[in-house]
Amino acid sequence: MSDRAQGGLPRRTFLKIAGAAGLAAGCSPKAATQKLVPLLVPPEDIVPGVPLYYRTVCRECPAGCGVTARTREGRAVKLEGNPEEPIGRGALCARGQAAVQALYHPDRFRGPMRRGADGRLSPVGWDQAEDQLAQAIAAARARGPGRVRLVTRAEPGAAGDVQRALLAAVGGRPADRLVLEPLDPAPVRAAGAALFGRPEIPALDLAAAHTVVSFGADFLESWVSPVEYTRQFAAGRGRIGDDRTRLVWVGPRLSLTGVSADRWLRVRSGGELPLALGLLRWVVDPGNAVAGLAPEVAALAPALLRLSPADLAARAGVAAADIEGLARELARRRPSALLGPGPSSQGPDATALAAVLLLLDLAVGNFGRTMWYGLDPAEEVPSTAAEAAALVEAMAAGQVDVLLAVNADPLAALPAALKAGEAAARVPLVVSFALRPDATAARAHLILPDHHTLESFGDVSPRAGVLNLAQPVMTPLFDTRQAVQVLLEVAGRLQLPAPLAPSADPYDLLQDRAGKRVQQAAAGPGADPAAAWREALQRGGAWSDAAPARRLPQLARDAAARFLALGPAPAPAAAGEVDLVLFPTALHGDGRSGELPWLQEIPDTLTSVSWSPWAEISPATAGRLGVRSGDLLALAGAAGRAEVPAYVFPGIRDDAVAVRLGSAEARALMPAGLDPVSGARAYAGSRVALSAAGRREPLPLLEGSPYQHGREIVQTVTAAAPAARRADLTHQMYPEPRHPDHRWAMAIDLDRCTGCEACVVACFAENNVPVMGAEAARMGRYMGWLRIERYLGDEPGGALDVQLLPMLCQQCTNAPCETVCPVYATYHTPEGLNAQVYNRCVGTRYCSNNCPYKVRTFNWRDPEFRAPLPMQLNPDVTVRSRGVMEKCTFCVQRIRYAEGQARDEGRPVADGEIVPACAQTCPAQAIVFGDANDPASRLSRAARAPRGFRALEEVNTQPAITYLARVRRAEEP
Amino acid sequence: MSCRPSIASLLTGLAGALALARCGERPPPAPVQPIVFSHRIHAGLNAIGCTSCHASAEHAPVAGIPSMDRCRGCHKFVKEDKDDPAITAQIQALLRYLDEDKPIEWVRVHRLPDLVYFTHERHVRSGVQCSECHGAVEKMEAARQVAPLTMGWCLECHRRKQAERPLERAHLTDCLTCHK
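Keeping their order, the protein sequence lines are chains S and A. First residue of the first sequence: 1, per this note's numbering; consecutive thereafter. First residue of the second sequence: 1, per this note's numbering; consecutive thereafter.
Okay, chain S solo, but in the shape it has when bound:
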């Protein structure tokens, strides 16, 4: 082929000129002039380049974990747990860490806005906006009670007090304040109230439980207090033998919590109550002679024995022998803990199910050993779905003049069937306190943007003895105002007989309530209450060992009987109808922070879907409908209809379809029905007609093959064979690299890992990993340095055996990536890291192609961080550009920092001093990092365990990561 273009410049000459011109262009003009602008008066504690930490609280779910915010030059860059705080204990889940992206969300409101006659929002001054709101409230008050309504998240603190006081001051009733927590386990409260007179969620200690049985309660993902429960549960894992905590998952769909279970009882949707009754029946059956039964539960035998085990098993959709086997386990392995129902099992009989589970707990003596009453402060009990429906009705009837939405988005959280949007259109003044546009703000007449939690003062008491304090970690980014301050200022304009609080300043409010409590607790001879308060602010709260109720709960006379009968059997499903299962996930919870970039970008652990809703159907259902993953399914229920891409998942029953809660599709399908006893939403118990929509919408799927194909990539061990298989590595091609000082290495305990993705978010935050979006995800391009690999089994169609494997750079001793780089951009450091030098990388991608673990990611385009998201970037880590390969560094910036500290203090680096971001945040404490050269280090001891194996060890890469095999239990006889 000719090198000369038709009548033009020869190609080579062109390239030479272009190359030289490029060089000249790159060199001649100096980089644009930069300005250095000094501060007028420097803040005393901010030193440029040195991180500063503040303690505050996480408000992404009602659990209320403590948070340590790392700030640099006055801006928050990363959230971690607060090690002193009793709920999180230093860990923070995926959603909690992603809160920093809500702070820097590009769409945040810059200041108060008012909707004009043309329907558009335009900026308005705070004074004007508050005046308008005060006038509207005054007018509504004059028209009678109940015309001012407030919707809020649970606020167990001063903010809740102010809301209540404001409503009371304008003549409102307590019911005018709707506490919107869609996933609150109201049936557990209702059952506790009915049985024991205790409308509480019991406090748990799962570490003491030998067996945990969960009826749809995703306690490792979003149920009640997932970080705390994960820590407790993991404490009983990672060992072989009878003292390892077992988990049994009961539900129609295998959730991520179910993946950690040793056994999955594939109960039919709605079959949870018959199954629970079957367990209780077997336990109290005198014929089974279970010793040490609580007598008040044993006395229920006559009522229970009337139920037929075969009938119960048939209604549950499981074998009678399975029920008996689990009942035997509960009788033998004490104490245990029966949890539930969770959202995916919360049907119209949810209170009865919760009651039977509590009776089982009482029967086998779990109260006082793994669960306690008396620690739920019950200061802020969320409203029920029935109350939410009543509010929508009142709005639709024109009985509401002012609707205040404070940190709640009722129009997105309530089922579409309630038509809350249409009802809101009949409210003359809808006021949203949202930080950024949401469904309620889209209909609001007035937007009074709240500070983000990281800009606010506040107090949260998630349970007795725990007082967590929120304080600003940075100055507010925009012209926002804390909602509690706005409410107090509005109250100030109402000419009330007495002010609601001494001042509208949120800090004064914090001092007035939390401050007084702390100082009173510290009062005493020789005590210094002021110092106690200062210390509480510094540590992030004040915690005391509140004593749980000593006495066991007393079963009220005849209270149990009403829960021990089953209603008529549900009608058989019509042709084409399946049970609808709605489930929350660890990444999205109830969906309130759903659209944050990290939470969208990180694939769901079980399905590897990102950026899209999906509907799970079993392979048999898929075969029947003739669809495969990515084909659109049409779901039509009594509440509404939706089209969702299918994901074929063997972890769901053939008679069910599952959709994630918090998605618009789940909202459209969500039944308006309730559990009549507790008033809770019946997420379960409805059916939808399922058909193929005949179109395709390819899902952004990260998985390759979800099967191990006989390669035993993830190993398991049993009590009978407690050692993992190790490869024979007698042959060496390359000289062994030497690591004279340190050899950084990691051990990951797969028996503790729950796949909650907290580590992945931590990695995104710490290492400036870019978010590439849905299009890139559809092309399989995902920049995460750490991903949770998930295998569904060995071969398609084989037994379902879900295994998780956190996969990150293995920092191999014989690293295949290093030998193929033509420019030495990746090389082996003396400390054993496979370094990636971005400024040397030319993007050949040879290294990635040669990596057996597929942990290197390539920047196909420049990352995009829309303002003000760049404020979150970690200044200690390079932001990579297009054309560069990147990968896990074992958080080398943290290694260097710790080494520097040690050198300053003239000592060697201590074991445990270096904690990579993933290990730091792990709620299960499954990750250990340390020096493999030190045989006494915690890492070396963990890696020597017989359960230890290395991924693809047979290729002789000699990874620095040792996985500790998951323990598979021997089947019960």
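Keep in mind that the hints were calculated from the coordinates and are not lab data. Mixed in with the good hints there might be a few duds.
Here are the simulated BS3-like pairs of lysine-lysine, each with C-alpha atoms no more than 27 Å apart in a straight line [stated by the list, open to error]: (1) A:139 / A:82; (2) A:79 / A:161; (3) A:139 / A:76; (4) A:102 / A:76; (5) S:35 / A:82; (6) S:35 / A:102; (7) A:79 / A:102; (8) A:76 / S:35.
Could you slot chain A onto chain S? The hints should help.
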């Protein structure tokens, strides 16, 4: 197909090579600052130590630009030079900034690329003198860059120091020491 190099390609190649060779080797001249600030008078004549103003050099990655408050600390009292009206005029310029509570927008003199993680603390604590990189600032009127601040120049020193104690200082030439 012809294999003879054309004159045009030779010329452009030469220009490119020259540009490459000179790129970054010669430090730029001192930039024009918003007000005249003489390091000679402060650090030289009055022998004020570097860390009196660049306060975090010993304990942070960044040496620190002195705050306006720090200028005020002395110039609350030093308002004129009785012998030199030119210097008095310079001080007056500063005092105007202080009166108006405005920061001086200094033009940056030393700059490393974003991919380099340089820390003053590590260098100062290892006994590197400020002047080794910044030159004899106490003799300069306006601060200017004297060292090329290229990777080759950094490494030249790192190699020399490493050769003094090769075992202890193996890290000095590791890429990850400066690039993260």
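Going through the hints against the structure:
no. : hint         : in the structure
1   : A:139 / A:82 : holds (22 Å)
2   : A:79 / A:161 : violated (45 Å)
3   : A:139 / A:76 : holds (25 Å)
4   : A:102 / A:76 : holds (16 Å)
5   : S:35 / A:82  : violated (32 Å)
6   : S:35 / A:102 : holds (14 Å)
7   : A:79 / A:102 : holds (18 Å)
8   : A:76 / S:35  : holds (25 Å)
Of the numbered hints given earlier, the model fails hints 2, 5; all others are met.
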